[in-house]
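The listed protein sequences correspond, in order, to chains A and B.
Residue 59 is where the first sequence starts when you use our numbering, and the numbers rise one by one after that.
Residue 881 is where the second sequence starts when you use our numbering, and the numbers rise one by one after that.
Derived from the structure by calculation, the hints contain no laboratory data.
The reader is advised that the hints may include incorrect statements.
[Stated by the list, open to error] Taking lysine-lysine and the DSSO-like style, the derived pairs with C-alpha atoms no more than 30 Å apart in a straight line are: (1) A:K397 / B:K1009; (2) A:K164 / B:K959; (3) A:K303 / B:K985; (4) B:K985 / A:K429; (5) A:K321 / B:K985; (6) A:K429 / A:K93; (7) A:K397 / B:K950; (8) B:K964 / A:K322; (9) B:K993 / A:K397; (10) A:K185 / A:K354; (11) A:K357 / B:K897; (12) A:K171 / B:K993; (13) A:K321 / B:K964; (14) B:K905 / A:K397; (15) A:K97 / B:K985; (16) B:K963 / A:K211; (17) A:K164 / B:K964; (18) A:K403 / B:K985; (19) B:K985 / A:K89; (20) B:K1009 / A:K321; (21) A:K354 / B:K985; (22) A:K322 / B:K963; (23) A:K362 / B:K993; (24) B:K963 / A:K429; (25) B:K959 / A:K431; (26) A:K397 / B:K945; (27) A:K403 / B:K993; (28) A:K308 / B:K985; (29) B:K964 / A:K171; (30) A:K185 / B:K993; (31) A:K300 / A:K357; (32) B:K959 / A:K185; (33) B:K1009 / A:K322; (34) B:K959 / A:K171; (35) A:K211 / B:K964; (36) A:K171 / B:K1009.
These figures come from a predicted structure and were not determined experimentally.
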Amino acid sequence: MAKTIKEINEKIRKGKAVVVTAEEIIDLVEKKGVKAVAKEVDVVTTGTFGPMCSSGVYLNLGHAKPKIKLGGGKAYLNDVPVYTGFAAVDVYLGATALPDDDPRNKVYPGEFKYGGGHVIEDLVAGKDVRLKATAYGTDCYPRKEIETLINIKDLNEVVLYNPRNAYQNYNVAVNLSDRVIYTYMGVLQPNLGNANYCSAGQLSPLLNDPYYETIGIGTRIFLGGAIGYVAWSGTQHNPTVKRTKNGVPKAPAGTVAVIGDLKKMSPDWLVGTTFTGYGVTSTVGIGIPIPILNEKILKYTAVKDSQIYAQIVDYSEAYPKGLPGSLGEVNYEQLTSGKIRVKGKEVPAAGLSSYAKAREIAQILKGWIEKGKFLLTEPVEYLPSVDSGQTFKPLKERPVK
Amino acid sequence: MAKKRIVLNFPHSLVDKPITYHLVKDYDLIINILRARVTPREEGLLVLEVTGDKRDLDRGIKFLKDLGIKIESLAQDIKWNEKKCTHCGVCLAICPTEAFIMDRKSRRISFDKERCIVCENCLRACPYKAIEILF
Ligand code: SF4
Ligand code: SF4
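Same shape as in the complex, but just chain A (with noise of 0.2 Å):
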């Protein structure tokens, strides 16, 4: 029997709404059948906590006295360059900023010990942050330098806007060739030394809905630890990929941009994050909840790690070349279990994104929802989807004349 979002938002503020998360979901299915589940479950609840580059923070300083006017000047966080193309005082701190004297690879592998995403730790975590701009000064907004702390709970709006997170699937970096590398996959071994995967797997929101049926623009999340948004697709949303039989996509696939107040956020779900040899980034914490409005929708959240393929893709030089083709599929069960094969060769494996915080964010999503704290939202509008035929396109470089 199908069910409505207005049904099942009825029975949470009852309190009497049955949440699994998309593990416990897995047992529960196997024991009981699908018609079974169906019937009695509400809501799945997923969970995502890994490193998401594009991620960032818009602010709204306030106006000093006298006025300054920061866009089209510069401005800087704890030495970290924001984006000021905006009014006079709205500014975008992005995950991967980095001061202008960071040595970044000069020595290489550099060190990236302090960026954006550590900024947004610090911001998050209530700790003071050091603003400094210039500016060229006009008649309204006549100051043309400013050194101050900041604190977020005295500025405006501080929102974290994720252009793209929560990638549904990813690859399995590993090198082929015989010098260590230093990637955004982390810190990857000559000779198949490791390898390095990036899912939740069967916890991870877009795996758990693999055609966005139910998750779409609008969908109310748990986003850092409070309460956030789906704002759109994420960039780079790329739905066509190869799927298995049970819909699940076999490369990164589809993605979300997300929007939420930072104020309300915590630094446990939003951690500044070092890529040796790399950059920095954001680790952010992310967790969908699934309406079960019927058995399809139901069967999709009972996936496990056994039926969702990655593939193994060396980060030496297929992957900076952009040549296609991958050295093989493995399976999240496979991956979790600390060993995979590659060419014949036994390779330890692990994860860059953490199960044990994506349990933990599906198991704090469970609570809220149990406790009639957080209902469940129709989308505004869905994702696109297999049928949009949209794809990621690589960029077709043209001479400039």
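Once you have looked at the hints, place chain B with the ligands on chain A.
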């Protein structure tokens, strides 16, 4: 039987001395070389696991010290900060001695200092600065 993990720092002048041979032959010790690094004109570094009779072990270590080798015990060098650890697991695949283990059920990491040979692989690999080296 006693076991010790030690870090030997020795000057260039001692690099060509067969010290492990003496430890085996004269003091009846079992030697397991965990890590070795000798750079030209610089100091040599050797990380050993030494097993043997307690008295022989002490005598062997005294022999090394008398040669002018600086000896540190290994166990304290790498510190895992559980509070900062996100239990991502990156360190698992990069540690040559499986000093980090993940509990299959809880999916949480634990660190076994005893297995660590201070190769420093995990220091660079941990994205959350949860691993520190203490000097
Ligand atoms: S790499 Fe760092 S954060 Fe990740 S599990 Fe190991 S110690 Fe913890
Ligand atoms: S330094 Fe780190 S990687 Fe190396 S042995 Fe110790 S724990 Fe393992």
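Status of the hints after comparison with the structure:
Only pairs whose Cα atoms come within 30 Å are accepted, and K397 of chain A paired with K1009 of chain B is accepted, the gap being roughly 25 Å. Note on K164 of chain A and K959 of chain B: the hinted pairing holds, with a Cα-Cα distance of about 28 Å set against a maximum of 30 Å. At roughly 29 Å between alpha-carbon atoms, K303 of chain A and K985 of chain B fall within 30 Å of each other, so this suggested pair holds. For the proposed pair K985 of chain B and K429 of chain A, the alpha carbon gap of about 27 Å is at most 30 Å, so the pair holds.
Our distance criterion of 30 Å between C-alpha atoms is broken by K321 of chain A and K985 of chain B, whose separation comes to about 34 Å. Proposed proximity of K429 of chain A and K93 of chain A is supported: the alpha carbons are some 26 Å apart, at most 30 Å. A threshold of 30 Å between alpha carbons decides the hint, and for K397 of chain A with K950 of chain B the separation of about 38 Å lies outside it, so the pair is violated. The hinted pair formed by K964 of chain B and K322 of chain A meets the criterion: a straight-line CA distance of about 21 Å does not exceed 30 Å.
Distance restraint check for K993 of chain B and K397 of chain A: the Cα-Cα separation of roughly 22 Å lies within the 30 Å cut-off, and the hinted pair is therefore satisfied. Pair hint K185 of chain A plus K354 of chain A does not hold up; C-alpha atoms about 47 Å apart against a cutoff of 30 Å. With a C-alpha separation of about 68 Å, the suggested pairing of K357 of chain A with K897 of chain B is violated against the 30 Å cut-off. Proposed proximity of K171 of chain A and K993 of chain B is supported: the alpha carbons are some 25 Å apart, at most 30 Å.
For the given pair, K321 of chain A sits about 22 Å from K964 of chain B by alpha-carbon distance, which is consistent with the 30 Å threshold. Of the supplied pair hints, the one linking K905 of chain B and K397 of chain A is violated, its CA atoms being roughly 40 Å apart against a limit of 30 Å. Straight-line distance between C-alpha atoms of K97 of chain A and K985 of chain B comes to about 29 Å, which keeps the hinted pair within the 30 Å bound. Among the hinted pairs, K963 of chain B with K211 of chain A is consistent with the structure: their alpha-carbon atoms are about 25 Å apart, no more than 30 Å.
Under the criterion of a C-alpha separation no larger than 30 Å, the hint pairing K164 of chain A with K964 of chain B is consistent with the structure, at around 28 Å. With a C-alpha separation of about 27 Å, the suggested pair K403 of chain A and K985 of chain B falls inside the 30 Å cut-off, and the hint holds. At roughly 20 Å between alpha-carbon atoms, K985 of chain B and K89 of chain A fall within 30 Å of each other, so this suggested pair holds. Restraint check: the Cα-Cα separation between K1009 of chain B and K321 of chain A comes to about 25 Å, which is no more than 30 Å; the hinted pair holds.
Simply put, K354 of chain A and K985 of chain B have alpha-carbon atoms about 29 Å apart, close enough for the 30 Å limit, and the pair holds. Under the criterion of a C-alpha separation no larger than 30 Å, the hint pairing K322 of chain A with K963 of chain B is consistent with the structure, at around 22 Å. Restraint check for K362 of chain A and K993 of chain B: not satisfied, since their Cα atoms lie roughly 34 Å apart, outside the 30 Å limit. Restraint check: the Cα-Cα separation between K963 of chain B and K429 of chain A comes to about 28 Å, which is no more than 30 Å; the hinted pair holds.
As the CA atoms of K959 of chain B and K431 of chain A are separated by approximately 40 Å, the hinted pair breaks the 30 Å bound. Between the alpha carbons of K397 of chain A and K945 of chain B the distance comes to roughly 42 Å, so the proposed pair goes past 30 Å and is violated. A distance of roughly 28 Å separates the Cα atoms of K403 of chain A and K993 of chain B; the hinted pair therefore holds under the 30 Å criterion. With a CA separation close to 26 Å, the supplied pair K308 of chain A and K985 of chain B stays within the 30 Å bound.
Proximity of K964 of chain B to K171 of chain A is assessed by CA-CA distance (about 15 Å); at most 30 Å being required, the pair is judged to hold. Proposed proximity of K185 of chain A and K993 of chain B is contradicted: the alpha carbons are some 33 Å apart, above 30 Å. Distance check on the hinted pair: K300 of chain A and K357 of chain A sit about 19 Å apart at the alpha-carbon level, within 30 Å; holds. With a CA separation close to 26 Å, the supplied pair K959 of chain B and K185 of chain A stays within the 30 Å bound.
In summary, the hint linking K1009 of chain B to K322 of chain A is supported, as the alpha carbons are separated by about 25 Å, within the 30 Å threshold. Straight-line distance between C-alpha atoms of K959 of chain B and K171 of chain A comes to about 18 Å, which keeps the hinted pair within the 30 Å bound. The straight-line distance between the Cα atoms of K211 of chain A and K964 of chain B is roughly 24 Å, inside the 30 Å bound, and the hint therefore holds. For the suggested pair K171 of chain A and K1009 of chain B, the alpha carbons sit about 9 Å apart, so the restraint of at most 30 Å is met.
Against the hints set out earlier in the document, violations occur for numbers 5, 7, 10, 11, 14, 23, 25, 26 and 30.
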